[in-house]
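Trainee: Spelled out from the first residue to the last, the chains are:
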Amino acid sequence: MKRSTFPDPFKKARENKGLGKMNDQNDPVKMVLGHKDVRRCAHNWKTFQSGGEEVGRIVVPSEVHIRDTRQIPFEVDPPEHKSYRDLVEPWFKRPLERDYQIKLTDIVNGVIDEALEKGKLEVVEEFSLKLQSRALTLLLNIPYEESDLWISWGTHVFRSEDTALDGDKANILYDYIDAEIDKAIANPSEDLYSMLLASEVNGKKLTKEEVKGVLILTFAGGRDTVINAVTNSIAYFADYPQSLQRLREEPEILNTAIEELIRYFSPLTQMGRVVTEDTQVCEHAVKSQSRISMCWASANRDERVFENANEVVLDRKINPHLAFGFGTHNCLGATHARQIMKILLTVLTQKVASMEIIDCKENIEDLDEFERKVGFDSIQVKFNKL
Amino acid sequence: MAKITFITSNNETIIAEGTSGSVMELAVKNKVKGIDGDCGGVCSCATCHVHVNEEFWSAVGKPSELESDMLEFDDNVSEYSRLSCQLKVEEVPDGLILKVAK
Ligand code: HEM
Ligand code: FES
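Protein sequence lines correspond, in order, to chains C and H.
The numbers in the working numbering rise by one with no breaks, and the one at position 31 of the first sequence is 31.
The numbers in the working numbering rise by one with no breaks, and the one at position 101 of the second sequence is 101.
Only chain C is shown next, with the shape it has when bound in the complex (with noise of 0.2 Å):
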């Protein structure tokens, strides 16, 4: 097996049951694994609700025990869901801005030149976590050496080593936005928190807290997904030469390309709702209160809608995939990853011969019934200059 290979674990209990089962945190999950499932409740928030009272549970592993600023607009529900999500949406298609493109392309130079010069380095750190940070500066539309604290902080802002989550850990990059939101409010500029402290919903101005709920999803939501979509990449080019080569000759497969590479690394595996009446799903009970996941990884590899699904097909030209969601909730920071990936891809083409992968550690996630590889914990990796 190569090593940008990322095997499907759902397909047997996806073409069995349809479902799967996870016990987090003693708050049952029952994992939605088909495509047509998972579109259906995803589809369906009145049955599958996101903002619910406890807040943190729609995240697995559940977050209620470390969290209790409600992420906006990630767990509001319909109608209210909508005037945040108005308010917040034309500020994150910024990516298609000329001008954005323009400073994320240095930084994409960047991180490749100093691969190039280092010839060998460890990509989850010192690219990925890098051009992550980096980027989010434009998203968030303040001064690029901003990064270098949020790099600082390592790739387990949320996470340590033994165990999924950690609330101290997490107390770092809450502490830290309370006290950006205060200075935003002393001094007002033209970043996303000055924008949001201005900013009405439904002829209310947004309270701090909730100027909170948007910057830890923006944080949260756009860290390990990208980390993961950029590190996977450069595993599967490294792989296949040819693939590199054959984007080279034919720019023109680049969006098929692209979306290709996010079906398969699917960097998020799963998003839960919680039910709130007693229904079914794939013809199990599901019980009101009980939670249900839709497992946008499984769902992208379904075979009923994917040819060839566990194979990278770079021109594959109809891809509906859901590793962005689906419905009401789906990414809103998917045109900033879609950018950098557009990026990424076109500067490997132009400066980058080939990459040699040397060592790697995988980061396999523990499902219960389920283990899953999303990513690599640390991969060694040779650049060589065009």
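You can take every hint at face value.
Pairs of lysine-lysine residues, derived as DSSO-like cross-links and limited to a Cα-Cα distance of at most 27 Å, are as follows: (1) H:K102 to C:K46; (2) C:K36 to H:K102; (3) C:K93 to H:K29.
Sample of chain C residues at the chain H side, in silico, Cβ under 10 Å: (4) H35; (5) R39; (6) A42; (7) K93; (8) L96; (9) L254; (10) T256; (11) R316; (12) I318; (13) N319; (14) L322; (15) A323; (16) F324; (17) F326; (18) G327; (19) N330.
Negatives, chain H to chain C, calculated, CB over 10 Å: (20) M1; (21) T8; (22) S9; (23) N11; (24) I14; (25) T19; (26) N30; (27) E54; (28) A59; (29) G61; (30) N76; (31) S78; (32) E79; (33) Y80; (34) S81; (35) K102.
Everything labelled a hint here was simulated from the structure, so no lab data went into it.
The beta-carbon is built from N, C-alpha and C at its ideal position, and this holds for glycine as well.
Add chain H with the ligands to chain C, keeping to what the hints say.
Mentor: Same frame as chain C, now just chain H with the ligands:
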């Protein structure tokens, strides 16, 4: 060369001409409001949803199975719904009229 009329939800009319690529791409180039084309045309985002004017329906044709599965869960779906990224400019009838769904 096909001439395509887009009618947006605030009743703005945009007439665009193109020779190649998808109808979604043509709409994005012409800044048609309500057509974003987030996924670049791989049938994964439904931000390119249009209603085909009834007169042109048979010439445009029905969606494929994967496309109609995508449309099934979209708001404002109608019997004339299509994802415009799945329509090729060189294959649609000249004079086509599309109403933007969003
Ligand atoms: C490749 C990278 C990414 C992947 C695979 C990804 C995946 C997802 C998925 C599957 C959802 C749906 C969650 C649900 O239905 O409950 C989601 C929502 C969200 N994502 Fe991402 N994400 C990525 C990058 C980002 C980035 C860079 C940001 C921001 C910096 C971000 C911010 C958000 C937000 C705010 C939501 C909630 C939207 C809402 O509730 O309306 N994501 N993401
Ligand atoms: S552009 Fe995404 S589905 Fe048409």
